[in-house]
Amino acid sequence: MKFTAENPVVEFHDLTVAYHRKPALWNVDLTLPAGALIGIIGPNGAGKSTLIKAAMGLLPLSSGYVRLFGAELDAVRRRVSYVPQRESVDWDFPASVMDVVLMGRYAGLGLLKRPSAQDREIALNSLEKVGMAGFRNRQIAQLSGGQQQRVFLARALAQEADLYFMDEPFAGVDAATEAAILEILQELTSSGKTVIVVHHDLQSAASFFHWVVLLNMRLVASGPVDEVFTAALLQETYGGRLTVLAEVGELVRKRQISGREKY
Amino acid sequence: MTMDAVYIILTATLFSISCGLLGAFLLLRRMAMVGDAIAHAVLPGIVIAFLISGSRESVWMIPGAASLGVLTTFLIEFFHRRAGLQTDAAIGVTFTALFAVGIILISVFAGQIDLDQDCVLYGEIAYVPLDVWMTASGEVIGPKALFIALGLLVLNVLFVVLGYRQLLVSTFDPAFAAASGISVVLWNYLLMGAVSFTTVAAFNSVGAILVVALLVVPPATAYLLTHSLKRMLGLTVLFAFLSSACGYVLAVALDGSIAGAIVTCAGGLFVLVWVTQLLLRRKPAKELHPLT
Chain A
239 MKFTAENPVV EFHDLTVAYH RKPALWNVDL TLPAGALIGI IGPNGAGKST
289 LIKAAMGLLP LSSGYVRLFG AELDAVRRRV SYVPQRESVD WDFPASVMDV
339 VLMGRYAGLG LLKRPSAQDR EIALNSLEKV GMAGFRNRQI AQLSGGQQQR
389 VFLARALAQE ADLYFMDEPF AGVDAATEAA ILEILQELTS SGKTVIVVHH
439 DLQSAASFFH WVVLLNMRLV ASGPVDEVFT AALLQETYGG RLTVLAEVGE
489 LVRKRQISGR EKY
Chain B
861 MTMDAVYIIL TATLFSISCG LLGAFLLLRR MAMVGDAIAH AVLPGIVIAF
911 LISGSRESVW MIPGAASLGV LTTFLIEFFH RRAGLQTDAA IGVTFTALFA
961 VGIILISVFA GQIDLDQDCV LYGEIAYVPL DVWMTASGEV IGPKALFIAL
1011 GLLVLNVLFV VLGYRQLLVS TFDPAFAAAS GISVVLWNYL LMGAVSFTTV
1061 AAFNSVGAIL VVALLVVPPA TAYLLTHSLK RMLGLTVLFA FLSSACGYVL
1111 AVALDGSIAG AIVTCAGGLF VLVWVTQLLL RRKPAKELHP LT
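In order, the protein sequence lines correspond to chains A and B. Heads up, the first sequence is in our numbering, so the first residue is 239 and it goes up one at a time. Heads up, the second sequence is in our numbering, so the first residue is 861 and it goes up one at a time.
Looking at chain A on its own, in the form it has when it is part of the complex (with noise of 0.2 Å):
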């Protein structure tokens, strides 16, 4: 099942992405609208990273191309940021909260330019987004997973962009966190930037998220959260595995229980 989203941010089409000639992504053919909270969900190895990836032009395609506002990536680069996974980096690294967050800013400057005082500035800025800015000269290393991740999402804010492609930003970070950096991304899609985050816990999914794309190396659903999370689909996602799919049946019911309270 596929919704097509009017005046889409993000298109793919025909995306085919193949690590080492083992395909990854089969042929992924969709759009994502403007101004809305996207979870991308499938399975462990479905591909989800791989499709953010590809759309900033951080794998080879194997087929297929990526369109931005549409654009190529290169053209609207500025308008766009990458939160990859946490645990892609080390958190050993020598650096200070605020040296990590100013890299946000660094694309806007050349060779022999360095940070400004605005540029310090909107990087404060969003520390204080995410609560973090008392922690601004702690060094990386001394924080926790969920303040690892704050100081992630405060690095992407830096960046200003109108798109936003995030890795498992809710990937284990405690509960406070959780409410903190959902809250987050709400305030930018009700500004109107797209929020666009690779996530696997399917309890908190349907109620994180406006549009859900359901992934397993192919395209098996994109569209809003209502009409595309139902147990039909998730089972089609998560293919014949049994525990799974008692536990999708659960959630789906519970969610239908849950949405009948809330309205």
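These are calculated hints, taken from the structure and not from any lab test. Any given hint could turn out to be false.
What the hints assert, rightly or not - Only pairs whose alpha carbons sit at most 25 Å apart, straight line, appear in this in silico SDA-like list of lysine to any residue: (1) A:Lys367 with A:Phe331; (2) B:Lys1090 with A:Asp330; (3) A:Lys260 with B:Ala1035; (4) A:Lys351 with B:Pro1034; (5) A:Lys260 with B:Gly944.
Predicted model, so just to flag it, every value in this text is computed and none were measured.
Once you have looked at the hints, place chain B on chain A.
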């Protein structure tokens, strides 16, 4: 202290600062042994440069060796990315193979003449004051190696200062750097190119073990002490100087190899810093500060 001592200590310090500044980034990229690989892999470059030029002047040797150094880093990257080999395995395969090619070239083409790494490439720092530059009127300006070291240091400081942010972000988070439009591949090759050039130029004057050690040990000692990259680079400079000065004094006292003594002092400083930290129990504050 004689003028010779000053020349030797100064030359060693300048070379070791160059090596340490680049080595700090190698260390953080987990590629500290690349210097060792380059030290071996440049052999065929030297032989080829000799065969083409017929001369053993460093004017020919250094470009020949440096181009092989860049090729080495290119091959390491290639095997790592394209063949899916781990970095250490890619380094091992590349430098042993190139070194072996160099040995074959020597045995086939240059067997009659005195050409090997010991004489061409592996300089001896004790001879630094002997090889001097003179003006046309015969006035001695100073040791050649000292000026080479100074020029090299200026280039490396320029490289690290101008490229500081690009090197920082592409070392810490290459995926983010690439996504925000910084050419990670280019900066990697620039760094490796600088390492090749520095390694070759430095061991022409001061010897191989010294260079390989200076790429790794002072930055590693600095890494123990700080969680700030700028302070780490500053401490690297300090340890580079301390190792060179103490090493010279030690070598004179023992009447032994200067290069060996410098490396011994660098290693000694590392152990001293590490033990002091253990004794003071000043572990880097790892306790977490949860937000509530």
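Okay, the hints, checked on the actual structure:
no. : hint                    : in the structure
1   : A:Lys367 with A:Phe331  : holds, 24 Å
2   : B:Lys1090 with A:Asp330 : holds, 15 Å
3   : A:Lys260 with B:Ala1035 : holds, 22 Å
4   : A:Lys351 with B:Pro1034 : holds, 21 Å
5   : A:Lys260 with B:Gly944  : holds, 13 Å
The structure meets every hint from the earlier list without exception.
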